[in-house]
Amino acid sequence: MKILVPVKRVVDYNVNIRVKADQSGVETANVKMSMNPFDEISIEQAIRLKEAGIATEIIAVSIGVSQCQETIRTALAMGADRGILIETDIAVEPLGVAKLLKAIIDKEEPELILVGKQSIDDDSNQTAQMLAALAGWPQATFVSKLELGDGSLEATREVDGGLETIKVNMPAVVSVDLRLNEPRYASLPNIMKAKRKPLDVMTPDDLNIDVTPRLTTVNICEPVARKGGVIVASVAELIDKLKNEAKVI
Amino acid sequence: MTNLIIAEHDGKNIKPATLNVVNAANAAGGNITIAVIGNDCGDAGKMAAQISGVNKVIIIDSPEYAHGLAENFTPLIVKMAVDYQTIWGAATTMSKNILPRVAALLDVQQISEITKVLAVNKFERPIYAGNAIATIESNEKPNVITVRTTAFDAASADGGSATIEKLDGLGDKGISSFINAAGSSSERPELTSAKVVISGGRGMQSGENFAMLEKIADKLGGAVGASRAAVDAGFVPNDYQVGQTGKVVAPDLYMAVGISGAIQHLAGMKDSKVIVAINKDEDAPIFQIADYGLVADLFDAIPEFDAALDEL
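Which chain is which? The protein sequence lines are U and D, in order.
Here the first sequence is numbered in this note's numbering, starting from 1 and rising by one per residue.
Here the second sequence is numbered in this note's numbering, starting from 1001 and rising by one per residue.
It should be emphasised that the hints constitute simulated quantities derived from the structure, not laboratory data.
Glycine included, every Cβ here is placed at the ideal spot set by N, Cα and C.
Don't take every hint at face value.
Quick partial rundown of chain U residues pointing at chain D, CB under 10 Å, derived from the structure [stated by the list, open to error]: (1) S34; (2) F38; (3) Q126; (4) T127; (5) E158; (6) T165; (7) I166; (8) R179; (9) L199; (10) V201; (11) K227; (12) I239.
Just so you have them, the derived chain U footprint on chain D, three or more residues with Cβ under 8 Å [claimed, not checked]: (13) 1070-1082; (14) 1109-1117; (15) 1121-1128; (16) 1234-1240; (17) 1292-1305.
Chain U on its own, in the form it takes in the complex (with noise of 0.2 Å):
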């Protein structure tokens, strides 16, 4: 079974974010570049799959700079078999990503696709439930286990009310949660050998796919930051204060 993830180059996520004075965006020259935190969650369960004799081919793809080579070794030198690069300089939305994802399934032929469930730049979480859609396959999203079957797999999903565990049929979309597993690192002789395994790059043209964006992002503003507060020295005064000055309980 083929198993295709995709992952996405993003702001570190220790990196403090910085607004560009121009409000164009957000700093990107020089800051710490990684892997989306839940797409190497998405490679490492892949990876057990492989392990666990389930899968027999790992496929990582990225959608962006030429720069997205380096996540794809990342994911190759976790265990991933083999890299694609779709290699375009527009920020592609997720409806664009959905739509290039769904033109590598159509080449491909995987049965499963692990997604993380949001890219924690712009948090849409929108990629695997639009990937499901446009190929026709069920999903399962926001998942923290996960159990394949005989042509269906059954998931747990983290929703609000708790968990909720759903039966899909294969192929299909699962979006993976934080708790699903805990991605390992890479070694120094698989980030080695991760070098020299294959790595294709293509363009959103060679798909034949319109990767224009729909939205206009007017700008981008800093939040409005909180004011500084207060120490207080003990709990009867935090219990004062709350409520005479708050007056929130």
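For chain U, the structure is supplied; the task is to place chain D on it using the hints.
Structure of chain D alone, referenced to chain U:
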């Protein structure tokens, strides 16, 4: 027709999140239709018709909609969407699951978790865990939008008298099925709509110790939340998680106990009206956004706080 809102409900009752979405739609203007999709959901439909400012309620009551399966909901909403300019849902796990699937089939780019309506096609939404705010303009037809409910006041749950229509379901697609649900049953208010939230972090050290927070929550009529670290450590279930990838809350009072304040956690609570932080590490980032900080061992401070509440 202008606005179609996909209701959040449990069959009997409309959930508070839908009231916030009604006000978001009101801010964009135009008439409002609410779709109540479910199984045995007539009561929720009647309740939706009472919401102030709603013109029409469409009830689709059919077994294939019993468990919110996206594969079954999507063709129905896509079919209904042709009559509307904007399709709205709350940014709950239900709508987050279904609406992008709807948007893709309508060939439109969804706008997720808006926090402000600037015009009928212009919105604000947080990105980068709320560390930047994007203003977005859309010419999509229709717009498909999810609403961060804490950013909008709730519409009044009564005073309305919408007309009620019924539609037939489109049947089970047969590609997905519900097996079971495991919820943390609680008498406390829902985390996302509670006036008081008291959350614990890694500093709580165990799930048992959360009982201290529960006692205080009960005295204040509040809900209990947690940081990702506390959920990952297995202290409390996933539905307690407040943060970028968990729930977003904005209560009148948010108490962060033994939480250091990673940006991913702040993303879920920094719009609370009053924030209290109790942490023994005086350098914890949570103190930078807290209105009232108490540098103390929580195992001393929390029992003392609890006892002091009894004397009020």
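Going through the hints against the structure:
1. S34: Violated. Min distance 14 Å.
2. F38: OK, holds: F38/U within 10 Å of chain D, min 8 Å.
3. Q126: 4 Å, holds
4. T127: Holds, because the Cβ-Cβ distance from T127/U to chain D comes to roughly 8 Å (cut-off 10 Å).
5. E158: 5 Å, holds
6. T165: Given a least distance of 4 Å, the restraint on T165/U holds.
7. I166: 6 Å, holds
8. R179: Where the cut-off is 10 Å and the nearest Cβ of chain D is about 7 Å from R179/U, the hint holds.
9. L199: Violated. Min distance 28 Å.
10. V201: The hint is violated - V201/U has no Cβ within 10 Å of chain D, the shortest such distance being about 26 Å.
11. K227: Constraint on K227/U satisfied, holds at 8 Å.
12. I239: Result: holds, 5 Å to nearest chain D Cβ.
13. 1070-1082: holds (count 3)
14. 1109-1117: Satisfied; 5 residues make the cut.
15. 1121-1128: holds (count 4)
16. 1234-1240: holds (count 3)
17. 1292-1305: n = 8 at 8 Å, threshold three: holds.
In this structure, the earlier hints numbered 1, 9 and 10 are contradicted, and the remaining ones agree with it.
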